[in-house]
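Engineer: One-letter residues, chain by chain:
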Amino acid sequence: MSQAILPPLAGDGAAQNTPGPDGARLATARRRASAPLTVAISALIVLVVIVCAVLHGVINPWAMEQDTQLGSVGIGVWGHALGTDQLGRDVLALLGAGALSAVAGPVVVAAGSLVIGLLLGGVAGYRGGLVDGVVSRYADLVLALPAILLAIVVAGVLGGGYWVTVLVLVVLFSPSDVRLVRGAVMEQMSRPYIESARVLGLSGPRILFRHVVPNVMPVMLANALLNVSFALVAISSLSFLGMGAAVGTADWGLQLADGRALLGSNPLASIAPGVAIVATATSVNLLGHWLADRFEKKAVAR
Amino acid sequence: MSTTAVKAPGTKVAASISWFVARRLLATMLLLVVLSFLIFSLLYLAPGDIAKNLLGTKTVTPEALAAVREQYHLDDPFLVQYWRWLSGVIGGDWGTSIRSGLPVADEIASRAGLTVRLIVLGFLIAAVVSIPAGVWAARRRGTWVDRTLVSGAVVGVSAPGFAVGLLLLFVFAVTLRWFPVYGTGEGFWGQLWHLTLPAIALAVGLGALVVQLTRAAVVRELEQDYVTFQRSRGLSEARVMGTVLRNAAIPIVTSLGLMVTYLVGGTILVEVVFGLPGLGTQLQQAVLFKDVPVVQALTLIVGLVVCLISLAVDLIYLVIDPRILRKAVAK
Amino acid sequence: MSASTLTPPAGPAQDAVLRASDVSVSGPRGVIVEPLDLELAAGKTLVIVGESGSGKTLTARALTGLLPEGVHASGTLQLGERTLSLAGHGLRELRGGGITLLLQDPFTSLSPTHRCGQQIGWAVGGERSERGARVAALLAEVGLAPEVARKRPFELSGGMRQRVALAAALAADPAVLIADEPTTALDVTTQREVLDLIDSLQAKRGMALLLITHDLAVARDRADEALVMRSGRVLERGPAARVLFEPEHEYTRSLLAADLGVEAAEALAGASRAEGVSQPNAVVRSTGESGEAGDELLRVTGLRKSFPGQAAPALAGVDLSVMRGSTLAVVGESGSGKTTLARCLVGLERPDAGSIEFLGVASGPRRAQIVFQDPYSALNPALSIGAGLSEAAAVGGGSRSVEDLLELVGLPASYAPRRPVALSGGERQRVAIARALAVEPELLILDESVSALDVSVQAQILRLLASLQERLGLSMLFITHDLSVARAVSQSVVVLRRGKVVEHGSTASVLFTPQHEYTVALLASIPGRAAAAPHSPAGQPAPVPEEKD
Chain A
0 MSQAILPPLA GDGAAQNTPG PDGARLATAR RRASAPLTVA ISALIVLVVI
50 VCAVLHGVIN PWAMEQDTQL GSVGIGVWGH ALGTDQLGRD VLALLGAGAL
100 SAVAGPVVVA AGSLVIGLLL GGVAGYRGGL VDGVVSRYAD LVLALPAILL
150 AIVVAGVLGG GYWVTVLVLV VLFSPSDVRL VRGAVMEQMS RPYIESARVL
200 GLSGPRILFR HVVPNVMPVM LANALLNVSF ALVAISSLSF LGMGAAVGTA
250 DWGLQLADGR ALLGSNPLAS IAPGVAIVAT ATSVNLLGHW LADRFEKKAV
300 AR
Chain B
0 MSTTAVKAPG TKVAASISWF VARRLLATML LLVVLSFLIF SLLYLAPGDI
50 AKNLLGTKTV TPEALAAVRE QYHLDDPFLV QYWRWLSGVI GGDWGTSIRS
100 GLPVADEIAS RAGLTVRLIV LGFLIAAVVS IPAGVWAARR RGTWVDRTLV
150 SGAVVGVSAP GFAVGLLLLF VFAVTLRWFP VYGTGEGFWG QLWHLTLPAI
200 ALAVGLGALV VQLTRAAVVR ELEQDYVTFQ RSRGLSEARV MGTVLRNAAI
250 PIVTSLGLMV TYLVGGTILV EVVFGLPGLG TQLQQAVLFK DVPVVQALTL
300 IVGLVVCLIS LAVDLIYLVI DPRILRKAVA K
Chain C
0 MSASTLTPPA GPAQDAVLRA SDVSVSGPRG VIVEPLDLEL AAGKTLVIVG
50 ESGSGKTLTA RALTGLLPEG VHASGTLQLG ERTLSLAGHG LRELRGGGIT
100 LLLQDPFTSL SPTHRCGQQI GWAVGGERSE RGARVAALLA EVGLAPEVAR
150 KRPFELSGGM RQRVALAAAL AADPAVLIAD EPTTALDVTT QREVLDLIDS
200 LQAKRGMALL LITHDLAVAR DRADEALVMR SGRVLERGPA ARVLFEPEHE
250 YTRSLLAADL GVEAAEALAG ASRAEGVSQP NAVVRSTGES GEAGDELLRV
300 TGLRKSFPGQ AAPALAGVDL SVMRGSTLAV VGESGSGKTT LARCLVGLER
350 PDAGSIEFLG VASGPRRAQI VFQDPYSALN PALSIGAGLS EAAAVGGGSR
400 SVEDLLELVG LPASYAPRRP VALSGGERQR VAIARALAVE PELLILDESV
450 SALDVSVQAQ ILRLLASLQE RLGLSMLFIT HDLSVARAVS QSVVVLRRGK
500 VVEHGSTASV LFTPQHEYTV ALLASIPGRA AAAPHSPAGQ PAPVPEEKD
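Residue numbers (numbering that gives the first Met the number 0), protein chains in the order written: chain A, 0 to 301; chain B, 0 to 330; chain C, 0 to 548.
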């Protein structure tokens with residue numbers, strides 16, 4: 000135990016006392032205790048948003064319709080807990096309807112980026128050589144470009160709305176996933192158990208899918224959660240600037256932009272969607288960090 | 000692996016440095032060429048007829064269209080057009096804005112000052128607050144101080160600049176009336192007063208990023224054996240932290256590129272939410288109006304700045320991390 | 000080291016520099032090190048011996064107040080006139096001039112961006128010019144040139160870095176030096192130099208030394224007094240001459256027996272060789288040289304391999320052959336090319352030139368299998384033991400079931416559904432051997448397969464390999480940096496240095512009558528060997544292998 004609790008002592012010495020698994024578990028046990036509360040709250044927030052998104056159009060199909068006479072209403076008016084916006088739409092109902100746009104796009108961005116990452120990064124890491132060179136240079140190139148700027152410019156000039164924005168973000172997000180998968184696969188490839196599988200004569204696809212991918216997936220899933228969070232921030236930013244969701248659809252970024260004019264009369268019209276974006280993005284981000292931490296510690300414990 | 004002492008002759012080191020710099024310069028040039036190509040293609044990416052787009056709000060007549068085709072050489076092959084555009088840009092001819100009809104260069108020049116001031120102020124606030132906060136969190140890791148700062152940083156990176164800006168506006172400008180809601184102000188203090196809230200909005204996200212980076216770097220260094228060894232030698236805690244900060248500075252400085260990328264996006268959002276007439280709002284309006292020459296010019300400028308900063312970071316890296324030189328020599 | 004081992008234990012000496020009593024360490028899960036007392040005398044060496052997990056490192060850290068977070072010490076420490084509690088922060092004042100801790104890994108114990116002279120100078124007061132002279136003097140004391148002061152750690156070799164660290168440790172003139180595995184990360188030849196240097200500095204400065212080591216042989220060479228620890232408890236203590244040469248406690252005896260430099264050779268010889276072996280040391284089975292001499296299984300000729308970016312080739316024309324049913328040991332220090340050789344043999348690297356001929360009947364993966372060094376990454380963490388083994392058996396067309404394979408390596412069949420994380424290092428290495436044997440290979444390559452294990456586990460695995468060879472008629476190629484392991488397992492030896500074979504022949508001839516100077520140097524630097532003879536008191540049995548039971 001003595002060696003194990005200390006930070007890992009590096010070096011390629013022969014009889015080095017490799018930190019045993021006990022110490023790593025010990026450290027995990029100490030830190031895990033602090034996680035649950037924030038994680039539980041985050042999970043609850045994410046759950047509410049997902050439910051709203053899934054039930055889009057079921058709970059309040061009239062969310063986009065004008066409910067009061069044109070003009071804003073303050074807080075606490077009967078039937079409008081958060082008041083109404085400029086067009087007389089109920090802010091809370093609009094918030095519920097906007098959940099779909101806050102879930103669908105970011106999930107597609109993260110999933111698309113993950114698939115591209117696994118395919119390109121997996122092949123590049125496994126094959127190496129020329130394939131790796133080409134894929135890596137491509138990833139370097141896209142990563143060197145200022146992503147948000149390109150998203151704004153390309154999505155804006157294309158003017159195609161929400162899904163074009165999502166597509167542009169998939170292209171801009173994927174290189175970091177490609178790099179991550181490539182690195183993880185390469186790191187796996189040099190592991191003795193993968194080398195043993197190669198010496199045993201297992202086929203390439205079998206090694207890749209049975210031995211490499213299962214060990215890479217946990218990290219990638221945690222990273223995908225982080226991507227969902229960043230994509231939500233990016234998509235709502237673009238919607239806010241008028242380059243994402245089309246005018247007249249329910250979207251938090253758009254709702255915030257519309258509600259700005261009412262900062263004096265009904266500030267909640269713009270603050271509520273702002274809080275929704277920050278709370279959802281933070282929750283997903285925390286869940287991603289928590290998962291990544293857990294996987295990392297599990298890996299250390301191995 | 001035992002590494003033997005290598006007394007690298009000065010010439011060899013100098014040669015490898017210049018080779019490294021040359022390679023980075025070449026890569027930067029290549030990146031700029033690719034970026035400029037993409038930017039030029041924007042003209043063709045925009046839906047609709049190019050000539051009509053370029054006419055903007057002017058009345059569309061066959062003569063006007065023909066004049067535009069003539070003016071922009073739209074009948075030439077794509078690559079010839081690209082080359083003509085690129086040489087124009089390098090020569091200082093940035094074209095004219097479709098919307099205002101004014102030279103793009105003048106439009107940009109009149110707005111750049113505000114954006115630069117906003118970015119510098121935001122960056123300073125972020126650096127002054129976040130680096131000490133990150134170091135503090137690292138030194139107190141595991142305590143409530145650390146947990147609070149880390150959670151705050153997660154909220155910070157997850158909060159888009161416009162949401163933060165709006166909240167600040169509501170609390171400090173609309174409700175408390177400490178700061179103005181709108182405008183840019185006169186004179187140094189007036190401008191500073193007007194720019195404070197936007198700069199804080201910009202600094203929140205950047206600062207959160209810097210807290211995370213700093214904390215991670217300092218924690219990593221604190222876990223190194225040399226820290227234990229220095230303490231075991233009876234060296235003062237100030238000396239130990241001095242060494243730690245010197246070594247932790249390397250990853251922080253090299254993340255400057257990441258910070259700049261963040262600032263680019265953040266500035267646009269903050270300027271729009273505060274209604275500041277800087278380059279960010281100009282870009283937003285130009286994109287929405289499909290004022291392609293302005294969009295092209297602004298994108299190219301930002302791309303150039305980002306590339307140059309990442310080049311500068313690599314060169315600083317060479318200076319602050321002596322190990323890099325050795326790797327460069329090995330290559 | 001002087002005549003100190005000859006003198007009887009001084010008892011509670013008056014000249015004790017440091018006295019620690021009731022030292023205990025506890026972590027979040029309870030007590031890790033149970034209360035113990037320590038006493039260090041000026042100019043004397045106390046060695047704490049123990050395997051990993053024994054609590055030896057935490058004890059050392061407790062004495063300097065440098066325990067990791069979440070771990071606490073209690074007890075009192077008396078250094079000179081002063082008495083302090085180990086629980087508080089007061090120990091900070093003693094660090095430097097009182098006690099200094101020298102760490103295991105010279106590659107990480109110095110700041111990478113600061114120059115060596117600067118780092119040493121931090122502990123030196125006074126004017127700038129005086130400091131420079133003092134740093135140069137300290138460097139000279141550890142046998143380094145003054146130019147080293149201007150170098151950064153990454154420009155120096157491991158041995159030089161540890162010398163710099165030693166100079167830094169001595170800068171404040173500590174009364175007590177605690178050295179925690181100070182040479183474990185170094186090559187054997189360097190290891191000896193650094194230990195000798197510490198010895199001479201200790202004598203010159205009259206410093207008390209607390210040496211922490213897992214290596215019994217090192218302990219025997221250097222100790223005046225010894226303390227054997229296991230699982231946080233002191234099992235045995237007393238003068239080194241008794242504890243390390245004639246232990247009373249069962250565990251110390253088993254450690255001694257497991258210490259391959261001393262006894263495992265005989266243990267193995269007894270387990271797997273015929274009784275007719277003439278000398279106890281010559282554990283060579285004669286098969287390789289007698290009747291079946293022509294029965295060659297593997298022939299390697301002129302093997303070359305270079306890696307881009309490296310000046311020297313990893314393999315510069317290697318010739319060797321392995322006889323059927325016998326074991327060839329390939330011996331060399333890190334960087335000798337021995338691992339590259341193994342990787343070429345199993346097809347993980349493609350040699351630049353030369354030939355590898357398998358003269359057996361098998362093809363593909365059944366020709367050769369390999370077991371690597373690190374047991375913790377040897378098995379896929381995502382697969383159960385059984386799944387991994389049955390996959391290997393299926394691909395190689397082997398006839399053994401998972402149960403058979405586990406039985407073969409001495410593990411119960413109930414291990415099949417377990418994940419690697421539930422197994423100890425030794426057990427994992429057994430599973431790795433079983434997986435290699437699943438395809439029934441003609442040649443088994445062991446690349447440092449026991450060097451990451453504790454000595455007692457090492458001996459078990461070596462015994463297992465010997466019995467497997469007996470049962471299955473396996474041919475083995477055993478790659479190791481450890482000459483005592485080579486001596487224990489092989490019939491013939493190849494000594495590799497910088498990608499070239501410098502000596503080869505039967506184990507007996509190479510390791511007992513070496514011809515090449517490099518082999519001689521390697522042999523001389525094995526701890527417990529060279530220093531043992533002159534120090535053994537006249538009346539006592541010399542601690543050389545021949546005379547142990």
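FYI, nobody ran anything at the bench for these hints, they're computed from the structure.
Keep in mind it's a predicted model, so treat the numbers as computed, not measured.
Ideal Cβ positions, reconstructed from N, Cα and C, are used throughout, including at glycine.
Treat the hints with care, since some could be wrong.
Claimed, not checked - Pairwise CB distance ranges, derived in the manner of DEER restraints: (1) H71(C) x S264(A): 52 to 62 Å; (2) S413(C) x L36(A): 49 to 59 Å; (3) T300(C) x L129(A): 47 to 57 Å; (4) S508(C) x L118(A): 56 to 66 Å; (5) G396(C) x L118(A): 25 to 35 Å.
Engineer: Look at each hint and say if it fits the structure.
Structural biologist: Hints and how they fare:
In this structure the supplied range 52 to 62 Å holds for H71(C) paired with S264(A), their Cβ-Cβ distance being about 60 Å. Distance hint for S413(C) and L36(A): a CB-CB separation of about 39 Å, inconsistent with the stated range 49 to 59 Å. Separation of T300(C) from L129(A) is about 32 Å and departs from the stated range, judged on CB atoms against 47 to 57 Å. S508(C) and L118(A) have their C-beta atoms about 57 Å apart, which keeps the hinted 56 to 66 Å range intact.
Checked against the hint of 25 to 35 Å, the C-beta distance between G396(C) and L118(A) comes to roughly 33 Å, which is consistent with it.
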